[in-house]
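Enquirer: Listed below, chain by chain, are the residues.
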Amino acid sequence: MLSVTKVLGKVLVARFYERNAGLFFVVFYLMFGIVESSQIISYHQSLIYATLTSVAFQLMVFAIWLLYTLKCVQFISEQLRQPLNQFVFQLALLHPSQLFIQSIQLILLLHLPVLAYTIFIIALGINSQNYLSVGSIILFQTALYLASARWLVYRLQAQHLFRFKLDLPHLTWKWPKPLPLFYLGHLTTQLPTVFFFAKVASLFCIFGFLQIPVDHYEVRVAILGLLFGLASHSVVVFELRKMEERFLLFMRTLPLSHLHRFLYLALTYGMLLIPEIIMLAINHVHAIDLVGIYLFGVGFLLLSHTQLFKKLDNEKYLQWMLGFFLISFLLVLFKIYWIEVLGLWLLGYFYFTKHYYPFEASEEAG
Amino acid sequence: MLTLHRVKKEYNSNLIIQVDQLQFDTGLYWIKGNNGSGKSTLLKVIAGMIPFEGDIVVNGIDLRKQPVEYRRQIHYVEAEPLYPPFLTGIDLISFFTQVRKAKKEEVHFLVQKFNISSFIAQPVGTYSSGMVKKLSLVLAFIGQPAYILLDEPLVTIDKDTVPILYEVISLYAARGIHFLFTSHQAFDIPSLTHRELLVENHSICYL
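Chains as they are written, first to last, in my numbering: chain A, 1 to 366; chain B, 1 to 207.
Chain A on its own, in the form it takes in the complex (with noise of 0.2 Å):
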């Protein structure tokens, strides 16, 4: 049994964790970043004694694990879906009861996170005589574990029978759809709860920042906001590249020229993050700094794509990606953002011109 759960390990749990190494980064800054390290004991029993106390606050808490474990389920449905996860069904042929323990145990270690947090809330409950809602948070979490298990167990048995799809909405286009549209379908059709995902954390980053209570407008605020944002969307471009390796080989041999490609890049870029600009917009950053920022944020995109030409490997790419957003809110912070912007798109366009044909995923995958 401990080689299905070394197997299980790799195949899921360390993927998940890889995968969403971008967003956890955002998570654990917000909790444990924007406080002064004297204030972190106290930010933290604050925000417990919220959860302890407060039913309003304990239902969004309980929200957001619940978005939490759906996100969980998408991601091993979808990579039961991959032919070459296929080999994971054969877990079918243990008896249920060993199959049931498997799927907790793999529930549980994508949940760590969650339940490493969860035991400090606990702990202070019991402490301060909060038994209620240590009772209600307990059953929650057990009934989310215990559901995704028996869905598991469910998937795993019944694969011919069962395909999980989490159907968020999405736009239908009639006319032929132009190259960003490739880029954008591929997120709405094939990825939409990692679209979804990316989204909500990149507008909740940027709503978050807005709140920050400043004494005169603050530009550096909303790119600030946005910088987390689209470090949110670090895994979304990860996925584009994995898509341009694995679908658009065709666009290589087009008659396109770099600069072509480069602006094709760029357009798709804008459009993704047109809710990010209309939600700064709607919160009164000025027009010509929304011009500035909504550079800023392509550009970011842009470089985080080009580089990807280097080389497609995920773990590399999620240690570049911590340099380029730390160098970045220095940049920001020393407000020097404007001169970044330039330096965005040129280093962006450099990588891609240098980067885009020499580049062989085959080579990659050798």
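There is no bait here: all hints are sound.
List of simulated lysine-lysine pairs, DSS-like, C-alpha gap at most 30 Å:
no. : chain 1 : residue 1 : chain 2 : residue 2
1   : A       : K311      : A       : K199
2   : B       : K65       : A       : K310
3   : A       : K174      : B       : K101
4   : B       : K65       : B       : K8
5   : B       : K113      : B       : K103
6   : A       : K242      : B       : K8
7   : B       : K103      : A       : K174
Calculated from the structure, these hints are not laboratory results.
Take the given structure of chain A and dock chain B to it, following the hints.
Expert: Frame of chain A, contents of chain B only:
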């Protein structure tokens, strides 16, 4: 005329194919060779799809110096093409027509000829491999290239489509378009003669 000069392709330092000098003039060329001999890699190199060492020139247009114009001259279709599953055949045909500045009548003719009009409004993800192949063949013929490269064009298409493909190749050959193709199956167009080449031991020679 298509010329390869000192072309060399390696994957992870393993030599796949090396061509000192090779010339294709007019007509049809059947490139033969065992599995893994490097036929598909050679076609991808000529299509400008993958990096390589050396020079390739078509009608005086150098791939390295005029990449866009070169790609207008060379069309290529893979043995097992893949397209985004949510796109429809119409999406892809429209896109290729626009990028290659093709005439709509020509596209309409190809769609009718290959008999794909009944399914091209559906997403590619719903197609069988034979339907995808037919779509890819239509895409290969859209435009005004000098050469069309077909990697295993007979694989997965039904027997009714084979004479249609032969007919379209004959028609386009009469317009002055030349063909390089690989095939493990007999490829015999009665109205046209072809020359044969063999890829073996990392090199290629005329038979």
